[in-house]
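Note that the protein sequences, when read in sequence, are chains D and L. The opening position of the first sequence corresponds to residue 24 in the working numbering, with each subsequent residue numbered one higher. The opening position of the second sequence corresponds to residue 71 in the working numbering, with each subsequent residue numbered one higher.
Worth flagging that the hints you see were computed from the coordinates, not collected in a lab. One or more of the hints may lead you astray.
Just a few of them, taken from the derived set where beta-carbon distance is under 10 Å, the chain L residues facing chain D [claimed, not checked]: (1) S87; (2) W191; (3) K193; (4) Y197; (5) C237; (6) S238; (7) N255; (8) A257; (9) R322; (10) Y334; (11) T398; (12) S403; (13) M441; (14) Q443; (15) T444.
The beta-carbon is built from N, C-alpha and C at its ideal position, and this holds for glycine as well.
Single-letter residue listing:
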Amino acid sequence: MKLLLRFNSEIIKRPIIAETVLESGVKLDIERARVEGPQGEIVLNVPDDSCREVVNILKRKKVDVVRLDVPITKDEENCIHCGACVSVCPVGAIAFEYDWRVRMDEKACVQCGNCVIACPVRVIRLSDY
Amino acid sequence: MVRRTIEEINQKIKDGSVNVVTAEEMTALVQELGVKEAAKQVDVVTTGTFGAMCSSGVFFNFGHSDPPIKMQKVWMNDVEAYTGIAAVDAYLGATQLSDTKGMEYGGSHVIEDLLQGKEIWLKATAYGTDCYPRKRIDTSITLDDMNQATMVNPRNAYQKYNSATNCSSKTIYTYMGTLLPNCGNVAYSGAGVLSPLSNDPTYRTIGIGTRIFLGGAQGYVVSEGTQHSPSSGFGTLMVTGDLRKMSREYIRAATFYKYGTTMYVGLGIPIPVLDDDIAKAAAVGDADITTTIYDYSTPRRVKPALRDVTYEELKSGMIDLNGKEVKTSSLSSFYKARQVASELKAWIRKGQFFLSLPAQSIPAQGSAKPMKQTLEMPLIKDVMAPVATINLGFSVQEAAKKIIQDKFNHLPVVDENSRLVGIVTSWDVSKALALAKSDRLAPIMTKNVITVAPDDPADVAVRLLEKHNISALPVIDKDKKVLGIVTGEGLSKLISRGVRP
């Protein structure tokens, strides 16, 4: 399960990820991190069976936690299947199918936004959490 | 050897006995049966492509208003069209940007909106004459309200196209899409096996007047396209068709981020199999079509070539670039190109589309020339100024002295081998002295210095100064030795003297 964590200015200086790893004993995989000024965002990949525990710890530490069930959507009706999004995806979540349609593996998406910018017909949207 | 005439093929289309295959099917058929047998069996091979074709647009005639106007300037949904022709005629180009919405809306979007039956806002201004007294018109109009909406695309259906990568350390946004840093991806365009001109590279059946599939309707080849370069395998076509008969399925507006608008055009050409030679040419496969990967981070006409590559390799999704596996992706849609070729095949089978011989052939040899530039653009080495440098070991105090002594605002910092390692400005130095934080240069200097080379054109410097919002660029050689400096101030002085960078 992927989790989107938002850090506000109060907590951003604390080593929250390290603390959470130590307290839970769960290996957290950081897929994307962005810190801009007093705010930050991290996308974590957490094993499904320890998700609840990790979320509880993070929430106690005042982190805003959102589950990324459907991180991204592509409007299939209007997609022209050109492929401009395929090679800019850092995690290989977008690929051509056998019939040259562009298919997106939503579960693998880390919401970097590269494909949104690359799409010439503007059919890809990051889910707004 | 098989011989057929267009008349015989059209007769077979009429009586429903014609045998049509797509260019992809033809490749497989020739591999299986050989050229002679395939030529015997197949009457027509259909091709198709669906890619971003910037050189596209539509001629409109809006009809006359009362009192009449001779349009001097005209806008369709705030996108300007060219009306330097008769009173209410105008040409709207796909890449023209909206005056109000910028790159998110352009000529291609107006064309797509019209195709969807939407109303668009027409605004025109004029100087007024005795016969055309009106000076302004504002009205809402749909495709059905126009007398003509004739698509004329000066350059479509590129036989093949360059592939692109980016060897610099920053992401760039180009007409070849997003190119990731350090050769992070390769972008290509073109339908390969289905490409119309790759299936008839000697222009035996594709010529002036050839009936084609354009945007979901019947269209025609007008002539060779602009920049037609058949000798190097980069032939192009100028094509025309009636926009009112086209469909949004095959004409789509697009925006390339930080580049601008363009239009995806679906275009297909039927190739009559008149003899074995034509069958053989139409059996071309992805492995037979070679193109070159260029470094698009060099913003020059001649870009460094990295390697040659076939469409088969490009379409595999991964290629080797300097020993590294790099992901590839296309900008043109092979899925839609197949749809074009299949739809054209269906039209011919159903007797809805007949083949035509060219009224005149298109040159199969020749190359496009570069622009003749009479005012040679100055190079960085012609416009750079000498600059003092300071060694990394010196103190902020000494840097301050040097800046005052030499009257420079920028001081490149070099290491013991005279190689550039940073830059300090008079502002950096004043701040460090005022705050008295550190006396060393390293903590206060900018380490990631944007530089230029002496042989770069001067307008590369202008673009870099604007893009990074900086005031000066050190000029360095291959060994990072500082040769001089280009400043925004220096460039504006040159421009005011009439030297045009």
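Can you list which hints this structure breaks, lowest number first?
The structure breaks hints 1, 2, 3, 4, 5, 6, 13, 14 and 15; every other hint is satisfied.
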